[in-house]
Amino acid sequence: MTTATTVASTALYDVPGPRTRRRHLMYGVISTVVILGLAAWILYLLFDTGQFTATKWAPFTYEGIQELLLRGLGNTLKAFAYASVLSLALGAVLAAGRLSEHRVFRWTCTVLVEFFRAMPVLVMIFFIFVALKVQPLPALVAGLALYNGSVLAEVFRTGIHAVARGQREAAYALGMRKTQVMTYVLVPQAVRAMLPAIISQLVVALKDTSLGYLITYEEFLHAGKLIASNLDYDLPFIPVVMVISPLYIGMCMLLSWFATWVARRERRDPRTRAADVAPAEPVTVLPGRE
Amino acid sequence: MDVLTQNFSLYGEGFLGTVELTFYASILALVLGFLMASFRVAPVGSFRVFGTVWVAVLRNTPLTLLFFAVMLGLPRFGLVLPFKLFAILALGCYTSAFICEVLRSGINTVPLGQGEAARSLGMTFGQTLGAVVLPQAFRSVIPPIGSTLIALAKNSAIAGAFSVTELLGTYKTLSELGYNIVWTFVWIAVGYLIITLAISALFHVLEKRWGVAR
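Chain order of the listed sequences is Y and P.
First residue of the first sequence: 1, per our numbering; consecutive thereafter.
First residue of the second sequence: 1, per our numbering; consecutive thereafter.
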């Protein structure tokens with residue numbers, strides 16, 4: 001990340017001389033003061049509106065409420081685990097279908113992938129939940145799996161197309177069957193190269209588990225809402241946001257960093273370089289990585 | 001079919017609501033995205049840190065949580081705005097982080113010589129960035145910006161769940177009126193398809209006009 005910034009910056013400004021450096025230092029000091037002032041103002045507002053009063057923070061000391069939050073976190077992770085496994089499987093199936101030589105399979109899978117990518121996830125989840133009358137957890141998992149599965153199908157497909165042509169030709173020349181070429185030659189290389197993109201799609205899935213809150217699935221945010229709307233504790237909305245968001249953001253950031261780390265490792269790896277596989281592009285509509 | 005013909009005004013209201021949300025949030029996202037992208041490449045360290053933190057935090061926040069914090073949290077702060085404005089704020093800020101990253105990758109595609117030429121003409125950092133580099137970066141990243149805005153249109157569905165009038169919210173009223181829920185959803189889906197296809201067509205035209213042939 002730092003290297004990218006310096007490369008970009010050298011195109012934009014010269015190495016600063018002593019006077020410019022003093023000027024930059026002044027700008028830096030002024031902007032830091034402004035930002036700190038803003039932060040202080042927000043902190044003042046927080047105190048002023050009584051967000052740090054004992055009643056508002058009391059719920060977090062009770063064991064029952066801590067258990068409620070933990071259960072919510074567990075449910076979030078459960079939905080994420082199901083959704084990621086299912087979307088990986090669905091992605092593999094759809095990608096195989098789109099790469100098939102039979103027109104029927106290819107077209108069906110193309111239509112499915114395009115449709116599920118174009119639909120808002122929430123509309124799909126609501127449809128499954130309301131119209132098909134499915135329980136909250138399966139509805140959430142199904143919606144997430146359909147959406148992320150179709151995005152992953154495209155990731156897999158681009159990955160397989162990115163493997164150099166000669167690989168496939170050599171494998172056929174050795175007398176391998178189509179399935180063998182796929183499973184022994186193309187897929188392993190494609191998955192290696194696409195791993196960062198796959199992980200960043202999983203970040204999207206993790207983030208979207210919070211949609212479960214909207215269909216009354218008892219996940220982390222739902223637990224937060226329960227506590228926040230409790231009159232006994234003087235409606236602690238802001239304390240709840242302060243407790244919940246670092247955990248959510250932390251989990252997603254860890255996964256994002258993992259994706260970046262894998263990407264950096266892949267770029268250095270001589271094996272991927274020897275195979276001449278294109279590096280993973282941010283293929284998702286909203287990429288979750290650097 | 002009846003669901004659509006008998007409730008045309010209701011669908012129309014929801015449709016326009018989604019279009020409106022998408023439009024204003026897109027503008028906010030583009031403006032903030034440009035600003036954050038220029039912060040991230042600025043020579044002053046504190047600007048860079050601010051831009052980096054902005055992107056890292058917003059990109060890793062679930063949008064539902066952001067909506068929760070903005071719509072239910074900010075009023076506790078004494079800040080009471082119409083729900084629609086809150087929704088635009090949340091959607092715009094969230095998407096700006098992605099626009100910023102797209103633009104930043106676009107900046108890397110602008111040849112080094114462009115910036116050097118601008119500097120040798122005596123342009124300042126602001127002039128180099130604003131008049132030479134960013135316009136070209138924008139032109140080279142029109143397709144990804146298009147898909148980011150399509151994602152924004154799809155994400156606006158969450159606003160409906162927080163009682164803003166938009167397309168998905170229409171289903172609640174219609175299901176209370178006892179209409180066939182499957183058809184209700186089919187027409188909602190068609191509405192979203194129209195919006196996303198329109199955005200992608202628009203960006204296709206923009207790309208043809210402004211896209212950089214490299």
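Keep in mind the hints are simulated off the structure, nothing from the lab.
Don't be surprised by glycine CBs; every beta carbon is placed ideally from N, CA and C.
Check each hint, because a few of them may be wrong.
Said to hold, decoys possible - Calculated lysine-lysine pairs in the DSS-like style (CA-CA distance at most 27 Å, straight line):
#1 178/Y to 133/Y
#2 56/Y to 178/Y
#3 133/Y to 208/P
#4 84/P to 172/P
#5 225/Y to 84/P
#6 78/Y to 225/Y
#7 225/Y to 172/P
#8 133/Y to 56/Y
What the hints assert, rightly or not - To spell it out: a stretch of chain P is covered by chain Y in this simulated footprint if at least three of its residues, at any positions, have a beta carbon under 8 Å from a beta carbon of chain Y; those stretches are:
#9 11–17
#10 34–48
#11 54–67
#12 76–87
#13 115–125
#14 173–182
Right, here's what the structure says about each hint:
Our distance criterion of 27 Å between C-alpha atoms is broken by residue 178/Y and residue 133/Y, whose separation comes to about 41 Å. For the proposed pair residue 56/Y and residue 178/Y, the alpha carbon gap of about 63 Å is over 27 Å, so the pair is violated. Between residue 133/Y and residue 208/P, the direct Cα distance comes to roughly 45 Å. Violation of the 27 Å bound is thereby established for this hinted pair. Note on residue 84/P and residue 172/P: the hinted pairing holds, with a Cα-Cα distance of about 18 Å set against a maximum of 27 Å.
A C-alpha spacing of about 21 Å is found between residue 225/Y and residue 84/P, which places the hinted pair at or below 27 Å, so the restraint holds. Proposed proximity of residue 78/Y and residue 225/Y is supported: the alpha carbons are some 19 Å apart, at most 27 Å. The straight-line distance between the Cα atoms of residue 225/Y and residue 172/P is roughly 21 Å, inside the 27 Å bound, and the hint therefore holds. Taken as a hint, the residue 133/Y and residue 56/Y pair is broken in the structure, with Cα atoms around 37 Å apart against an allowance of 27 Å.
Under a criterion of three residues with beta carbons nearer than 8 Å to beta carbons of chain Y, the stated coverage of the region 11–17 of chain P fails, only 0 such residues being counted. With 8 residues having a beta carbon nearer than 8 Å to a beta carbon of chain Y, the region 34–48 of chain P meets the requirement of three or more and the stated coverage holds. Using a Cβ-Cβ cut-off of 8 Å, 9 residues of the region 54–67 of chain P lie near chain Y, which meets the minimum of three, so the contact claim holds. Coverage of the region 76–87 of chain P by chain Y holds [criterion: at least 3 residues with CB-CB distance below 8 Å; count 3].
A stretch counts as covered by a chain when three or more of its residues have a beta carbon under 8 Å from one of that chain; for the region 115–125 of chain P and chain Y the count is 4, and the coverage holds. Residues of the region 173–182 of chain P lying with their CB closer than 8 Å to a CB of chain Y number 3, which satisfies the three-residue condition for coverage.
Hint compliance for this structure: hints 1, 2, 3, 8, 9 are broken, all remaining hints hold.
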